[in-house]
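Participant: The lines below spell out each chain.
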Amino acid sequence: MTFTDKLKTNPAALWSGVVLIACALIALPFALAMAGTTWVRVTNLAILFTLLALGLNIVVGFAGLLDLGYIAFYGVGAYVYALLASPQFNLHLPFWVILPIGALAACVFGVLLGAPTLKLRGDYLAIVTLGFGEIVRIFFNNLSQPVNITNGPQGISRIDPFTIGSFSFSQNEVLLGLNFSGPIKYYYLLLLVLIAVIVINLRLEDSRIGRAWQAIREDEVAAQAMGINTTRIKLLAFAMGASFGGVAGGMFAAMQGFISPESFVLVESVMVLSMVVLGGMGNIWGVIVGALLLSFVPELLRHTVDPLQRSLFGRLIVEPEVVRMLLFGLALMLMMLFRPAGLWPSKVRQRELADE
Amino acid sequence: MLEVSGLRVSYGGINAVKGIDFAVRAGEMVTLIGANGAGKTTTLKALTGLLRPVAGAVRYNGEDIVAVPVYQRVKMGIALVPEGRGIFPRLTVEENLDMGGYVRNDVAAIRADRDHVYALFPRLAERRRQTGGTLSGGEQQMLAIGRAMMSRPRLLLLDEPSMGLAPLMVQKIFATIRAIAAEGVTIMLVEQNARLALEVCQRGYVMESGEITLHDNAQALLANPQVRRAYLGEDA
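Line by line, the protein sequences give chains A and B. Residue numbering for the first sequence follows this note's numbering, beginning at 1 and increasing consecutively. Residue numbering for the second sequence follows this note's numbering, beginning at 357 and increasing consecutively.
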C-alpha cells in the first residue's frame, strides 16, 4: 500500500494533514522573513525550480525522453515576458495576458524540438536536446543585431512586476499588522501555481495519456502495437513539459525584474535534471523533494560554510562555492550507489530495483 | 480478410521482401514458414504498419491499409504478438493486459476480457501482481498473446511464438493459439518451427530469401519432399 493509498482509506487523517500543511505553508514566509527577506526570495526560487523540475519530469520521468536542454523553455517564457512587459519595446501588457503567450511560445518550441527528434532515443536524443538548449541561449545572446530584440548579453532590465490594477506584487503592504513584502506576495502566487501544477501532474499521471507515456517509456515498439499514437503522445510530452517551463520563466522574469542569457546556461538544465533524478524520476513527490533539497541545501551551505571555517580555523580555507560543488558531487555519487532510483522513487522504478 | 499483393519491403537498404502475394481468409489459420532471414518478420511488420512497404498493396476487409498508421490498424482489429514478446518488463501482468486494451474505453468489457485471458492462461492469473520482467519465457509469451487479445482483434499476427521456449511450453502455447482460433479470431502465424506450425494451421506459405516459393494446404506441405528436406530435417 502506498502512502497516498493509506491516506485515501483514512479521510479524517488526510484532511487534518492537509489543513496542517496548509497552515504551515501560509505561515512560512513570515517565519522566513524574520530570518531575512533573502530567505523568502530563496524559497521563491526554490518553488520556481520545483515548477521546472515538475515540467521536466513529464518529459524525462513520465515519457522517458532524456532532455538536456530543458532550460531553453524557461528562457523562452522569461524572454516573452520581458519583451512584452519592459521598456525594451515599450510594451507593458498585463501578466495574465503574457503568461499564456509565454506558455504557448514555449509549447511551440517544445514541438519544434520534439518533431525532428521523434525517432531518436537515449544518448542521441540527449545530444540533440543539449544542442537545442545552447542554440536558444546563443540566440538570446545575439539577437541584438541587426534589430535589437533581446539586448544581447546585457539582458533586459526594468521588467514590470506582476500587477493587478493598482495592486503591485513588488510593493510592501501592511495588512492586519502583517508586513506583506513583495517576495511574500510572490510566494503566495507561486504556491498557488505550484499547487495547480501538482494537481495537473497527478491527473496526467493517472490519465490515458499518462498510461501511454508509461508504455512508451517501457517499450516504444510494443506501445505502438498497443495502438498508441506514439508520435502524438511524445510530442504532447514535449509540449506540456515546455509549457510549464514557459510559465515558470515568465514568473522568473517578473520576480527578478532583470534577465540575461546567463540565467539559461547548460548548467541550469543539468541542475533541473539532477533534481528530477535525485528526487526520483517519474514520482511527483520525489521530484518536489529533489527540487527543494537542491535549491535549499546550497543556500544553507552558502550561509554556513564561511562562518564555520572562520570560527574553526580563524580564516577561510576553502571557498564556499567549492565546498558546495564538492558536496553536491558527493551527494549525487552516494545516491547513485545507495538509492539509484532516487530518494523517493516511483512505484515502477522501485519494482525495477526489486527485480534485480 | 487479408490480401497482400506485390508486397515489397526494404529494410536497412536490403530488399527483405521482394514482391510477395498471399491471402488469409476470415476464420483461417495460416502460417508463413521459412528460415532465419527469409523476410517473415519484415512481412509481419509491414502488415502491422511498423514498416512502410516500397510497393504493393495490403488489403484488409477490402480496404487498402498501406497508408494507415499502426495505431489505427489496432483499432481496425489487427493485433501483433511481436517477436521476442515485447512485454512491458516493469509493469505488472495486469497492467500489461490493461495496456493491451488501450484503444478501447469500455471499462466493464475490458475487465471481462481480462478475466477471459486469465481463463485462457490460468498461470497469468496466479502472477497478476508480478512484473512482466520476472516471468519465465513461456509466461511472457502467454502475456504477450493475452495482451494482444485485449484489443479484441479479428486478425491476430503472431511472430515466432515458439522462440526460445521449452517443448512442453510450446505445446501449451500452441494449444491456446488453437483455442483462440476456435473463438473465431483469424490467425496468421510466422514460425521457424515448421512442423508445429503446419500441424496447427490449415494452409501454409513457404518463404525463401524474400520470396514465397511454395504455398499449399498444411497437410500437403507436410508431405512435400522439398519441405521435408529443407524445413523438417528429414532425408527425403
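Hints are not guaranteed to be accurate.
Pairs of lysine-lysine, DSSO-like flavour, derived with a Cα cap of 30 angstroms [claimed, not checked]:
no.	chain 1	residue 1	chain 2	residue 2
1	B	Lys528	A	Lys119
2	B	Lys528	B	Lys431
3	A	Lys347	B	Lys374
4	B	Lys431	B	Lys374
Label pairs and their computed distance ranges (CB to CB) [to be verified]:
no.	chain 1	residue 1	chain 2	residue 2	range
5	A	Ala31	B	Ala464	48 to 56 angstroms
6	A	Leu112	B	Ser366	28 to 36 angstroms
7	B	Pro581	A	Leu120	48 to 56 angstroms
8	A	Leu104	B	Asn461	24 to 32 angstroms
9	B	Ser366	A	Tyr124	18 to 26 angstroms
10	A	Asn142	B	Asn461	46 to 54 angstroms
11	B	Arg460	A	Leu112	27 to 35 angstroms
12	B	Ala464	A	Leu327	40 to 48 angstroms
13	A	Leu112	B	Asn461	26 to 34 angstroms
14	A	Tyr124	B	Arg460	28 to 36 angstroms
15	B	Ala464	A	Leu120	34 to 42 angstroms
16	A	Leu104	B	Val463	31 to 39 angstroms
17	B	Asn392	A	Leu120	52 to 60 angstroms
Keep in mind that the hints were calculated from the coordinates and are not lab data. If you're wondering where the values come from, they're calculated on a predicted model, not measured in any experiment. Beta carbons are placed, not taken as given, at the ideal position from N, Cα and C, and that holds for glycine.
Participant: Would you mind marking each hint as holding or not holding in the structure?
Facilitator: Verification of the supplied hints:
1. B/Lys528 x A/Lys119: 37 angstroms, violated
2. B/Lys528 x B/Lys431: 28 angstroms, holds
3. A/Lys347 x B/Lys374: Not OK: lysine 347 of chain A and lysine 374 of chain B at ~47 angstroms, beyond 30 angstroms, violated.
4. B/Lys431 x B/Lys374: The hint holds at about 28 angstroms.
5. A/Ala31 x B/Ala464: 48 to 56 angstroms: This hint holds: roughly 52 angstroms between Cβ atoms.
6. A/Leu112 x B/Ser366: 28 to 36 angstroms: Taking Cβ atoms as reference, leucine 112 of chain A and serine 366 of chain B lie about 30 angstroms apart, which means the hint holds.
7. B/Pro581 x A/Leu120: 48 to 56 angstroms: Because 50 angstroms falls inside the window, the suggested range holds.
8. A/Leu104 x B/Asn461: 24 to 32 angstroms: 29 angstroms, holds
9. B/Ser366 x A/Tyr124: 18 to 26 angstroms: The hinted range 18 to 26 angstroms holds for serine 366 of chain B and tyrosine 124 of chain A, with Cβ atoms some 23 angstroms apart.
10. A/Asn142 x B/Asn461: 46 to 54 angstroms: Because 49 angstroms falls inside the window, the suggested range holds.
11. B/Arg460 x A/Leu112: 27 to 35 angstroms: 33 angstroms, holds
12. B/Ala464 x A/Leu327: 40 to 48 angstroms: With a Cβ separation near 55 angstroms, alanine 464 of chain B and leucine 327 of chain A fall outside 40 to 48 angstroms, so the hint is violated.
13. A/Leu112 x B/Asn461: 26 to 34 angstroms: 32 angstroms, holds
14. A/Tyr124 x B/Arg460: 28 to 36 angstroms: 34 angstroms, holds
15. B/Ala464 x A/Leu120: 34 to 42 angstroms: Given range 34 to 42 angstroms: holds, Cβ gap about 40 angstroms.
16. A/Leu104 x B/Val463: 31 to 39 angstroms: 34 angstroms, holds
17. B/Asn392 x A/Leu120: 52 to 60 angstroms: Given about 29 angstroms between the Cβ atoms, the range is violated.
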